[in-house]
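Participant: Since each chain comes alone in its own frame, lean on the hints to assemble the complex.
Line order of the protein sequences matches chains L and C. So for the first sequence, the UniProt record's numbering puts the first residue at 1; every next one is plus one. So for the second sequence, the UniProt record's numbering puts the first residue at 1; every next one is plus one.
FYI, nobody ran anything at the bench for these hints, they're computed from the structure. Just so you know, even glycine gets a beta-carbon here, dropped at the ideal spot from N, CA and C. Be aware that one or more of the hints could be misleading.
As the list claims (entries may be wrong) - Here are some chain L residues the structure puts well away from chain C; computed CB gaps all over 10 Å:
#1 P51
#2 V85
#3 Q102
#4 P117
#5 L125
#6 T127
#7 E151
#8 T154
#9 Q165
#10 P184
#11 S264
#12 A278
#13 A285
#14 E296
#15 L297
As the list claims (entries may be wrong) - Listed next, with one range per pair, are the computed distances between beta-carbon atoms:
#16 T203/L <-> A385/C: 57 to 67 Å
#17 T113/L <-> E27/C: 18 to 28 Å
#18 P184/L <-> S279/C: 57 to 67 Å
#19 R64/L <-> E211/C: 23 to 33 Å
#20 G35/C <-> S149/L: 15 to 25 Å
#21 T154/L <-> V80/C: 55 to 65 Å
#22 E252/L <-> P66/C: 30 to 40 Å
#23 T133/L <-> P66/C: 38 to 48 Å
#24 R64/L <-> D372/C: 50 to 60 Å
#25 R64/L <-> G198/C: 34 to 44 Å
#26 A385/C <-> A292/L: 55 to 65 Å
#27 A385/C <-> T113/L: 14 to 24 Å
Unchecked claim - Some chain C residues judged to face chain L by a derived CB distance under 7 Å, without partners named:
#28 I128
#29 E142
#30 D448
Chain by chain, the residues run as shown.
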Amino acid sequence: MHTPDTDRTDTNRTDRTNRTERTDRTERTDRTDRSNRTATHAGGSGPVALPDGGTDREPPSGIRSPRDADALERLIERNPSRLGVGRAGPRPTTETLLRFRQDHGLARDAVLTMVDPALIDDLDLVTVRTLVTEKDEYLARPDLGREISEETATSLREQCRVGPQIQVIASDGLSSTAIETNLPDLLPALMDGLAAHDLDVGTPIFVEFGRVDVMDAIGEELEADCCVILIGERPGLGSADSLSAYMVYGPERGAPTAKKSVISNIHAGGLPPVEAGATIADRIAEMCEHQASGLELTEDDREFQK
Amino acid sequence: MSTPITDAEPPHRFDSIREVLAKASEEKTGDQLAGVAADSEAERVAAKRALSATTLETLREHPVVPYEDDEVTRVIQDAVREPVYDRIGDWTVADLREFLVDERTTERDIRAIRPGLTSEMIAAVTKIMSNMDLVLATSKMEVTARCNGTVGGEGTLAFRLQPNDPADDVEHIIDATREGLAYGVGDAVIGVNPVEDGVGTVTDILEATHEFIEEWGVPTQNCCLAHVTTQMEAIREGAPADLVFQSLAGTAAGNDEFGVDVDLLDTAHDLAKRRCTSSGPNVMYFETGQGAELSGDAHEGVDQLTLEARCYGLAKRYDPFLVNTVVGFIGPEYLYDGRQVIRAGLEDVFMGQLHGISMGIDACYTNHIQADQNDIENLAVLLAAAGANFFITVPMGDDVMLNYQSNSYHDAAALRQIFDLDPAPEFHEWLERMGVWRDGKLTAQAGDPTIFT
Numbered sequence: 001m002h003t004p005d006t007d008r009t010d011t012n013r014t015d016r017t018n019r020t021e022r023t024d025r026t027e028r029t030d031r032t033d034r035s036n037r038t039a040t041h042a043g044g045s046g047p048v049a050l051p052d053g054g055t056d057r058e059p060p061s062g063i064r065s066p067r068d069a070d071a072l073e074r075l076i077e078r079n080p081s082r083l084g085v086g087r088a089g090p091r092p093t094t095e096t097l098l099r100f101r102q103d104h105g106l107a108r109d110a111v112l113t114m115v116d117p118a119l120i121d122d123l124d125l126v127t128v129r130t131l132v133t134e135k136d137e138y139l140a141r142p143d144l145g146r147e148i149s150e151e152t153a154t155s156l157r158e159q160c161r162v163g164p165q166i167q168v169i170a171s172d173g174l175s176s177t178a179i180e181t182n183l184p185d186l187l188p189a190l191m192d193g194l195a196a197h198d199l200d201v202g203t204p205i206f207v208e209f210g211r212v213d214v215m216d217a218i219g220e221e222l223e224a225d226c227c228v229i230l231i232g233e234r235p236g237l238g239s240a241d242s243l244s245a246y247m248v249y250g251p252e253r254g255a256p257t258a259k260k261s262v263i264s265n266i267h268a269g270g271l272p273p274v275e276a277g278a279t280i281a282d283r284i285a286e287m288c289e290h291q292a293s294g295l296e297l298t299e300d301d302r303e304f305q306k
Numbered sequence: 001m002s003t004p005i006t007d008a009e010p011p012h013r014f015d016s017i018r019e020v021l022a023k024a025s026e027e028k029t030g031d032q033l034a035g036v037a038a039d040s041e042a043e044r045v046a047a048k049r050a051l052s053a054t055t056l057e058t059l060r061e062h063p064v065v066p067y068e069d070d071e072v073t074r075v076i077q078d079a080v081r082e083p084v085y086d087r088i089g090d091w092t093v094a095d096l097r098e099f100l101v102d103e104r105t106t107e108r109d110i111r112a113i114r115p116g117l118t119s120e121m122i123a124a125v126t127k128i129m130s131n132m133d134l135v136l137a138t139s140k141m142e143v144t145a146r147c148n149g150t151v152g153g154e155g156t157l158a159f160r161l162q163p164n165d166p167a168d169d170v171e172h173i174i175d176a177t178r179e180g181l182a183y184g185v186g187d188a189v190i191g192v193n194p195v196e197d198g199v200g201t202v203t204d205i206l207e208a209t210h211e212f213i214e215e216w217g218v219p220t221q222n223c224c225l226a227h228v229t230t231q232m233e234a235i236r237e238g239a240p241a242d243l244v245f246q247s248l249a250g251t252a253a254g255n256d257e258f259g260v261d262v263d264l265l266d267t268a269h270d271l272a273k274r275r276c277t278s279s280g281p282n283v284m285y286f287e288t289g290q291g292a293e294l295s296g297d298a299h300e301g302v303d304q305l306t307l308e309a310r311c312y313g314l315a316k317r318y319d320p321f322l323v324n325t326v327v328g329f330i331g332p333e334y335l336y337d338g339r340q341v342i343r344a345g346l347e348d349v350f351m352g353q354l355h356g357i358s359m360g361i362d363a364c365y366t367n368h369i370q371a372d373q374n375d376i377e378n379l380a381v382l383l384a385a386a387g388a389n390f391f392i393t394v395p396m397g398d399d400v401m402l403n404y405q406s407n408s409y410h411d412a413a414a415l416r417q418i419f420d421l422d423p424a425p426e427f428h429e430w431l432e433r434m435g436v437w438r439d440g441k442l443t444a445q446a447g448d449p450t451i452f453t
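Isolated chain C, as found in the complex (with noise of 0.2 Å):
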């Protein structure tokens, strides 16, 4: 006989849905860091279970920060398609987890309610979902989304190559891009992270990647990781950039910090549609990643999950063609090991998909985070089984410009040889014009960068 040992425990009450989000949270350091996370397991379990009983309505009513105080809430909150909430408001956060993971719900089923959805229903079931639910619902979904390639497509995977040097040296920079095509890398985007955040370097960065793409007729797009205005300045001084780039946070300060606001993203959206090179219609993208806004005392009393959706609240507000989590790259102090980080993943690119957006993830690690290629690749294998629609790669998993490893060209390949999965499909049939890839594999030439020189 068992003891209904739950009989024992003592109430727990919880007195606001930031509370109760917060303590529904899995064990992440960034919110014990941040004072807001469970006390016990028990206080855990008490929380997932008042949540899992919340009507969608009640987190509709009240958002983790007030309309009138956040303009990201105003965001999400204005974007809601009201007739399509009526239809779900009165759904308890168990129906949505149970909806999602039913059998008989199709991508066609997720889209019809997904217009009724804020960040913070968003986050709610993602806290209540074991991690094998997370990888069977973001694998029900399928968010396309088109620059000058596709990515997202159903039986595809594509892949950021991400070229950075130390130096911010172009001829580097173009040797790594020659060696990750040569193993099938680069159809989400050429993307490089600048040492300097200058318009000089962004123009040299973009024009250099631009010529070589021109050149090889490579059916992908450009991107320099510079702060969005200085790539507005440069690309109103003509250099060619297919997509604008920025980082974004859950909260009105968090932008603060990185120094944008709504307005600015308005105005950046506005450029890009009319000044860049790419066809479009999608010409933004967007990183994120839980704890950044804790990072700079801009978490207003949140857990970094729910702060995270808000993240894609507002992401969505711009049609992205990618969005990707940057998920271990902030610090132990944020997310601790290869289990939190791994978690956090699945919930990164789970939420993004069910928002809408095109969505990706740089599965990584620093240096004095308690995880390894190992859990990464794990990582990547689990979300790949999910149907993520890209990856971050660097030349061997190490970039010398960060400082932080990631996954590498070699695992763009085997992911797709393993889950049978190809490359974009305008990218798909110029690698296998220059010989790189063909039924399903890496060709014997593949991995050569001098293919080319």
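Here chain L stands alone, though its shape is the one from the complex (with noise of 0.2 Å):
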């Protein structure tokens, strides 16, 4: 069974890491703050000069005097996998053991960082919150993740345009880092394309811990014919800001899965957000045209509701 809801991870395949990205990432180590670093020898308070801990080596294959060198490098080369990586005794290199300690550091911080409200303030979103207080109850209570409160819900009311065509919405989901990453480029891009397709967009909404299903209960509030959101995917250990838009046409609370919905993998490495805009907007046209989403509509969400 395959599911598009971020909080479902039994069958979730897709989410394919482009492993090149790593060595740009490794750029956010230097920002750590290395200034409370402390010297033994003056009792542990005063400064000394350590190396530095950013990691733009390239990872060494570890493996001393190969059998077939160029086959290694090749190797190495072709695959996405962390493959060649060598050994200390039966455990890893130091390099390669911090390699991957780093990559799912940014994972993690992507998960259990909140997005940067001057960024949801610079692309004038109006923001709300599910029925979740924090993150822990966010990963641990998937339904709460999918509703809003009856004082949300009135709030929203007063702040959003009610019953537009077309019910555009952001939210966190498992990744701040794709939000903040890819909803600048990718929000203006969507709006543009909608506006091409003459088609009426509401006031744009925020949600904060947010699950894919939310879109239903705030499309049945807003009384909108189509929602779209857009949402963080679960981090991958070399992708962090992986996000996905799922759709669907007739929101209301208990939609079916088979009625969403989605395009996935949207990122600088895999569909780029300017594009991916131009993508959504075009599948949400034809979902207006068809007024159906989902299984309804194409053979593609066929096999992925498989």
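Facilitator: Dropping the structure here:
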């Protein structure tokens, strides 16, 4: 079974990792504050010159005398997996180990941090929150991330236009990094694309602690014909910035998975955000034309639902 | 002086076996999400106490999903050997726990009662056992299985080599296979999860791994973990598969979500026995994991541990070569953090072995769960001590296709060294011949994938 929801991970095999990006992300490590590091001889309180914590080096193969050095180089070069890493006894080399921890750290940060509120302000989005109150609860209770309170619904009806053709929603989902990286390019491209199709678009909303199906609740409250939610996907070890767009025609609470359409793998190394904006707009126009979404709409989605 | 605070507690009442089983479970987010968990620690302990005094007969007579409604229940109940059951029916769950941990109880004693147990009885005793109880009891049990190689023998520890690739590129898959073999990994199976569940892809992967195994004379077995029907079609068209794989659930409704039922599995098993390229006799491979039923809304109000036990009851019907739980894959709404993952991993391997199936584990985590590599290294150490039959391993612990982390090829070598365990016997001999493994350790040239080019 395949459900288009970021909390469902059991068969998510489409979010392909682009391992070539790994070296770009190593810059992040340099941002960490090293000013508090201490020297032991000065009672642990004095400053000391420590090696740079950055890791812009290429990972060494870790294999000192390979049987076939050329074959080893080719094998490392062509593979997305961490191959030819070598070893220190039966353990990984220190460099390999720390590189792994660094990639996991980036993924964890993407899951656990909130989207910068300044970015939401810049994009002029109305911000609301689901029934979730904090990240731990978000992870443990997907049901709460799909619903909004009555007060939130009332406030949405006051702040947003009711009865639009298209309601656009963005949400942090499982990766704040995905939103921060992609939304500034994706949202304007999507709005332009929808305008080009002469579609009537409501007030864009940002939802904190949202799951995919929160678009059903919001769409129902705002009486939209069609909803799209741009949401951060569960980060992979090498790619924390992948975002997906889920869409439904005729949003209502409890709308089945089969009614949802999806465009996934939106990030610089996959479907670039500007391009994605146009692709999503085209798909929404198609949904409006046929007054259908998900299984009812395309063969692609039929494959996706399997 | 201490005050007996238990006297001040209000009495807890439980209305059904299903309820007492659910509430006796250690804390898990999946049971909370399903609304079946204990409301407090006091209630949890009260449920454990009530369960410990329950007889095996009561558990036999009250399966968590009715016999008439569910074919998994029927498979489990119909497999019970009645004279053996008659001997232990009046034991309480506490009696069973104390039997399992008793120093006089041997592997043979456990084997003698095994045919009288149902999955519910095994789930029940698990719920009143501590982590060390589970390790101790698991360490007594030896379940061997044979395909081309043999897993589960005393003093051995096997590993699945999982060379997944996000593009199903067979060259990449063989590269990752070379790397794993260079660390002594691959005796349990060279098992590939395909991205595309199609006969063409499955055939390509089976052919590539089969040819490599033949070329290097590796005493192991290949498997492509597509849906069982896809594998069956590929095999009927001549694809070389040593094992047939399928994911299982603990209810008929859960299996329906996976697109299988007992009839289909029977057919697959029959086909595997006739058409697999391996020598057997054990030719099936199953994966399971706590929470799978709830994620498909097929849990029938039953807790996830009990449903997991029922998966093993179903698996047993097919004399599998390998069964493993994929313990941290499903997400924090089922197993929240490292603590819950470790507990579930110990429970699952214990329950599998007590069922008498060849049990291993994919000790793993996704990036949205509160766990990291240290947690699964801990779990691997505990389960190597317990005597699990095998672990899943991927290059540097990073599966770039399924996007999660598991144990690494390095972990395999380290676990064998720490616990002085050998690879599976046929594979062990081959590794020494290839110059990868000697005197219980990796050789100087080990770790170099170009040995196999």
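Participant: Each hint: holds or not?
Facilitator: Evaluated hints:
no. : hint                          : result
1   : P51                           : holds, 23 Å
2   : V85                           : violated, 6 Å
3   : Q102                          : holds, 12 Å
4   : P117                          : holds, 22 Å
5   : L125                          : holds, 24 Å
6   : T127                          : holds, 22 Å
7   : E151                          : holds, 25 Å
8   : T154                          : holds, 28 Å
9   : Q165                          : holds, 32 Å
10  : P184                          : holds, 24 Å
11  : S264                          : holds, 12 Å
12  : A278                          : holds, 25 Å
13  : A285                          : holds, 29 Å
14  : E296                          : holds, 21 Å
15  : L297                          : holds, 22 Å
16  : T203/L <-> A385/C: 57 to 67 Å : holds, 59 Å
17  : T113/L <-> E27/C: 18 to 28 Å  : holds, 27 Å
18  : P184/L <-> S279/C: 57 to 67 Å : holds, 60 Å
19  : R64/L <-> E211/C: 23 to 33 Å  : holds, 30 Å
20  : G35/C <-> S149/L: 15 to 25 Å  : holds, 21 Å
21  : T154/L <-> V80/C: 55 to 65 Å  : holds, 58 Å
22  : E252/L <-> P66/C: 30 to 40 Å  : holds, 34 Å
23  : T133/L <-> P66/C: 38 to 48 Å  : holds, 40 Å
24  : R64/L <-> D372/C: 50 to 60 Å  : violated, 29 Å
25  : R64/L <-> G198/C: 34 to 44 Å  : holds, 42 Å
26  : A385/C <-> A292/L: 55 to 65 Å : holds, 56 Å
27  : A385/C <-> T113/L: 14 to 24 Å : violated, 37 Å
28  : I128                          : violated, 25 Å
29  : E142                          : violated, 25 Å
30  : D448                          : holds, 5 Å
Consistency with the previously given hints fails for numbers 2, 24, 27, 28, 29, ordered from lowest to highest.
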